[in-house]
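Novice: In case you want the letters, here they are:
Protein chains: 2
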Amino acid sequence: MKELEERIRREGAVEDGDVLKVDSFLNHQMDVGLFAAMGREWVRLFSGEEINKILTIEASGIGIACIAAQEFGVPVVFAKKSRTKNIAGDVYHVEAPSFTHGGVSDVIVSKRFLLPTDRLLLIDDFLANGAALEGLIELAKQAGATVVGAGIAVEKAFQPGGKRIRAKGIRVESLAKIKAMGKGQIEFC
Amino acid sequence: MKELEERIRREGAVEDGDVLKVDSFLNHQMDVGLFAAMGREWVRLFSGEEINKILTIEASGIGIACIAAQEFGVPVVFAKKSRTKNIAGDVYHVEAPSFTHGGVSDVIVSKRFLLPTDRLLLIDDFLANGAALEGLIELAKQAGATVVGAGIAVEKAFQPGGKRIRAKGIRVESLAKIKAMGKGQIEFC
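Chain order of the listed sequences is E and X.
The opening residue of the first sequence carries number 1 in my numbering; numbering runs sequentially from there.
The opening residue of the second sequence carries number 1 in my numbering; numbering runs sequentially from there.
Any given hint could be a false lead.
Each pair may be met inside one copy or between any two copies, as identical chains are not told apart.
[What the hints assert, rightly or not] Pairs of lysine to any residue residues, derived as SDA-like cross-links and limited to a Cα-Cα distance of at most 25 Å, are as follows: (1) K81 x H93; (2) K141 x D31; (3) K179 x E41; (4) K141 x S24.
Hints listed in this document are in silico derivations from the structure and should not be mistaken for laboratory results.
Just chain E, same shape as in the assembly (with noise of 0.2 Å):
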């Protein structure tokens, strides 16, 4: 998506570690505009698909799944990181490991709002790794939803998630796929 790309090749820093920042429009700052042309670019590219429901994990996915939300029409659920160990029976769970503050975090969610009918959009700022989108596709299986596919603004590519999560049958569609990254420089797909 050329809007998006365009945005991350000006505003975007390259750090250490891999590290991408694009916090003064997508996960610190948001610039809602630019979330909705994101979810009607995911409307035309699932269109055709029956999507009941879109699920995400906080906390920087919720604001781009709530705007993708009202172009497609349909609810919001996001996944919780619990940093309790007092997780009651009534909900979803898997463990995640977290980049950012190291361990693993218990992801949940409540029972009542995964069903067995839900046809399931995931979406989420990053795909680098894939342990996220992982969580949610095991959440998903959990309930016996169906996932129609991943909606990520950032993809990079050069990393072994989007790989992994498409060789399970999981259709992923990606704004934007970083196809390497250095200082001062960003080279899409």
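Once you've looked at the hints, dock chain X against the given chain E.
Specialist: Below, chain X alone, put in the same frame as chain E:
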């Protein structure tokens, strides 16, 4: 706001310890159509006020803030709850008690996204003890930004946060104000 009060009556559940569970439409599953109506109501309430940015806090404020931001035509910044002590020098930060997880969280915002020229609307899903909202007010103060007011979805008016924050001269517009609640009943102001 009638629509929100009716939704709380219909789907809200009062649990032990003054907990109001509204997770079917507000802060776990999210009804973005309702959020848009809430956003339009805040636009009406704050009409005539100059607002150039919405400030909220992760995680459950983000969805409401993003949809409201579309109605206002402004960007959103969300304050992050950091569980690392490893905070870089380029952020404003406050300590806020965490009722969900216990202990204290550092709540941070990048200095790049809160400016002295900003005229902020603060948005959050709940106002009870006021700790989260006071944290946002303090972050705005550190930046020298102006707080035009706060838009809250649900205020527990029987808890002290709302009174304390209004006493500081901050305008708080809560779309549903709960006077009292108990098993199976909710009374609005």
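Novice: Please write out, lowest number first, the hints stated earlier that are contradicted by the structure.
Specialist: none
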